[in-house]
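S.K.: Residue numbers (the working numbering), protein chains in the order written: chain A, 190 to 438; chain B, 2 to 241; chain C, 4 to 236.
Hints listed in this document are in silico derivations from the structure and should not be mistaken for laboratory results. Please note: incorrect hints may appear among the correct ones.
As the list claims (entries may be wrong) - Heads up, simulated EDC-like pairs for lysine to aspartate or glutamate below, C-alpha to C-alpha not over 16 Å straight-line:
| id | chain 1 | residue 1 | chain 2 | residue 2 |
| --- | --- | --- | --- | --- |
| 1 | A | 278 | B | 95 |
| 2 | B | 42 | C | 235 |
| 3 | A | 417 | A | 210 |
| 4 | A | 203 | A | 392 |
| 5 | A | 435 | A | 210 |
| 6 | B | 42 | B | 84 |
Stated by the list, open to error - Derived contacts from chain A toward chain C, CB cut-off under 7 Å, selection only:
| id | residue |
| --- | --- |
| 7 | 279 |
| 8 | 324 |
| 9 | 333 |
| 10 | 335 |
| 11 | 343 |
| 12 | 344 |
| 13 | 362 |
| 14 | 363 |
| 15 | 366 |
What the hints assert, rightly or not - These stretches of chain C come out as covered by chain B in the derived footprint (C-beta under 8 Å, 3 or more residues):
| id | stretch |
| --- | --- |
| 16 | 53 to 67 |
| 17 | 96 to 106 |
| 18 | 115 to 126 |
Every residue gets a Cβ at the ideal spot worked out from N, C-alpha and C, and that includes glycine.
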Amino acid sequence: MPNWQWFHRLGSPKWLLITLDRWLPWVLGLAFLTLLLSLIWGLAFTPPDYKQGDVFRIIYIHVPAAVVALAAYYAMAIAGAIAIIWRMKVADMVLRSIAPVGAVLTFIALFTGAIWGKPTWGTYWVWQDARLTSMLILFFLYLGIIALHDAFNGSASGQRAAAIMSLVGTVNIPIIYKSVDWWASLHQPASIKFTEESTIALEMFQPLMIAIPGFYLFCLAAVMLNMKVQIAHNSRNNSWMIEHAKIDS
Amino acid sequence: MFADDFQPTVRRSLLSILIDPINKQLSAVNGLVLDGIGCQKAYRQLFSGVTVSLRAGQGLHVAGSNGSGKTTLLKIIAGLSNDYQGSIGWRCSDELNHVIDKSDLLYLGHLTGVKSLLTPLENLSWWVSLCLPAYPIGSDEITQALQQIGLNSELNTPCHFLSAGQQRRVALARLLLSQQRVWILDEPFTALDHLGISQIENCIKRHQSSGGMVIMTSHQVVSNVELINLNLADYQQRPN
Amino acid sequence: MLVSANENFSSYRVFTAILFRDLTVYFRYRGSWINPLFFILVVITLFSLGFGADSQALRVYSPSIIWVTALLAVLLSLDSLFKTDFDDGSLEQLILSSQSLYLSVLAKILAHWFVTGLPIVLATPLISLILGVSFEVLPEVSLGLLLGTGILSFIGAIGASLTVSLASGGLLLSLLSMPLYVPAMIFGVQYLQDAIAGWPLVPSLSMLIGLLLAAVVLSPLAIMAGLKLSVEA
């Protein structure tokens, strides 16, 4: 007989808040450790690229941010599906907590991509690249979902609206990616090569393999912090929350 | 999101295969059981633990002050809102279903669904096609219903030229054509004159005596109809 | 068997009832079909004036101009798709009808397309004239706009259903729909470029048809959920 107690406890904001409080320092600490390790290794001890020089080191921010931004979207959509199907309030809180973190990560990926693009491709932005364009669309989707959620002033309708929108986006992202890809293959200007198959050296790859989990952990910690804010906001009139706030301060 | 659409459809098509259409009446709704219904809105508990049961021919009058959640409760019972605690059971012969067969439900909300650009005749015909598509109700019956409720010369006047009471009558004419067993009426008497009110009360009485159920809210005193009183003030949580 | 035949007939009755009722409402309020048409003609005229004497550049960029203006015209008109029904309570009756909400949604979008998309398609000769697009490719351009306005209506209706209960949902509707419009935009412009240049049309045309079919089949699912949550509050 599996123990389902934790599942039912998820419905209790008080239990959730206490659990988040217990785990947050560990996740945050681990995130900082891995990020620090990968960045020091990647920025200081990895040899420079023979073609790009030191510029390539931006991949230790750019690649993990892009990977986690996309993964966060799918995590958010799964939370949205759970919120619709089982009507779990916690799932909605997860959705609303992931959205701003995902949006910021997407922005970081776009921003670092543009900085990286200037010295390597000679331009900040290339419309024909499917990855760039779909990242930009992902950023708009995140913003749209946040705006939709907040437009309902915290009512249950807004939570479901945001969940539906996140699911619609899940169907759309692959279509957007493929359509830009197909479009680019017709228009690709000869002067710029950006779909070159990268054969990355092992020494450059190792710090990246630490940076990606580091970003995942950091994203998790940020989502947990956001969830704490959500719980505090939603239960601001409950007596236990007022007590809890007093203990903290 | 499909479950609530899917179930009645499946049930109906199974019924049509298994039972012959004449016996279909057997499965019609003849009772409602509300068990511990509660609703939260914007982190505030509107009401909780609403428990009441209705049999065929009975009526429920939901009372309460402004903002006590009367409309919300009606929407929950009608199946328009799924954001509630507790359970709703519709008794069909011996079994309790969580969803009502939508063809057995007439819902007249605070907003009545009368288009102001259309005439009373067009409005009612549209509603008949939408909510009673399986019944052979022609334009003669529709005209008759509108005349009966007191709209004679306005049949072909766009509704935005009519008064508030007359527009309300366009919506209430549905009660005269209704084939549904359950009526959910949110403030049906708003903007009606005395004659109109007594007309609707008679209509509700006739419906009850033929085995129908009525669930309604009203600020007016409903004197001529026998209704079970449900005061939402009794189900409000005391602030702690 | 008799009963199921009867039920099929009632779905058909509901579909036509909604379609004709919506068309009647739209035709009683003339602005609902004149305004989008007027909008697209005004914006295209402004573009042409903006390009000045450079009619060559205008011709080159005409596919993008046609698509962006059509997109904006459809998007601006979509705000009203479910709004009046929400405001007067018809939406609740629609949801509580025993007949399929899927078909009702299809009927409503079809009626809306008849008064917003179709006039744009019928105005193709005028649009081509203003932008200097050759009349030889008129059938191809019209077909592209026919498919395109259909896709734009169905996808945009998702946003319209989610924002219908908001007091000022118009801007949010645009924000939500723009990202979803990217594939339609890309293939639509591609198709028009191919058509005007006289290139083979099969690849981009089949993509447009595919997008339209997917939008017709899938978007009502999201729209149904959106409408249901809108009447909940």
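S.K.: Are the hints correct? Go through all of them and say.
M.R.: Right, here's what the structure says about each hint:
1. For the suggested pair residue 278 (chain A) and residue 95 (chain B), the alpha carbons sit about 35 Å apart, so the restraint of at most 16 Å is broken.
2. Taken as a hint, the residue 42 (chain B) and residue 235 (chain C) pair is honoured in the structure, with Cα atoms around 11 Å apart against an allowance of 16 Å.
3. Note on residue 417 (chain A) and residue 210 (chain A): the hinted pairing holds, with a Cα-Cα distance of about 8 Å set against a maximum of 16 Å.
4. Taking the CA atoms of residue 203 (chain A) and residue 392 (chain A), the gap is near 46 Å; set against the 16 Å cutoff, the hint is violated.
5. The straight-line distance between the Cα atoms of residue 435 (chain A) and residue 210 (chain A) is roughly 15 Å, inside the 16 Å bound, and the hint therefore holds.
6. Under the criterion of a C-alpha separation no larger than 16 Å, the hint pairing residue 42 (chain B) with residue 84 (chain B) is consistent with the structure, at around 9 Å.
7. Residue-level restraint check for residue 279 (chain A) is violated (minimum Cβ-Cβ distance to chain C is 19 Å; threshold 7 Å).
8. Here the hint on residue 324 (chain A) is broken, as its CB sits about 12 Å from the closest CB of chain C, past 7 Å.
9. Below 7 Å, beta-carbon pairs count as interface contacts, and residue 333 (chain A) has one with chain C at about 5 Å; its hint therefore holds.
10. At about 10 Å, the closest approach between the beta carbon of residue 335 (chain A) and any beta carbon in chain C exceeds 7 Å, and the interface hint on this residue is violated.
11. At a threshold of 7 Å, the smallest CB-CB gap from residue 343 (chain A) to chain C is about 11 Å, leaving the interface hint violated.
12. The interface hint given for residue 344 (chain A) holds, since its Cβ lies 6 Å from the closest Cβ of chain C, which is under the 7 Å cut-off.
13. With a cut of 7 Å, the hint placing residue 362 (chain A) at the interface with chain C is violated, because the nearest CB-to-CB distance is about 9 Å.
14. Because the closest C-beta pair between residue 363 (chain A) and chain C is about 10 Å apart, greater than 7 Å, the hint is violated.
15. Restraint check, residue 366 (chain A) versus chain C: the minimum CB separation of about 10 Å is more than 7 Å; hint violated.
16. As drawn, the stretch 53 to 67 of chain C meets chain B at 0 residues by the rule of a beta-carbon pair under 8 Å; below three, the given contact is violated.
17. Counting residues of the stretch 96 to 106 of chain C whose beta-carbon sits less than 8 Å from any beta-carbon of chain B gives 9, enough to reach three: the coverage restraint holds.
18. Given a C-beta distance limit of less than 8 Å, the hint that chain B covers the stretch 115 to 126 of chain C is violated, as 0 residues qualify and 3 are needed.
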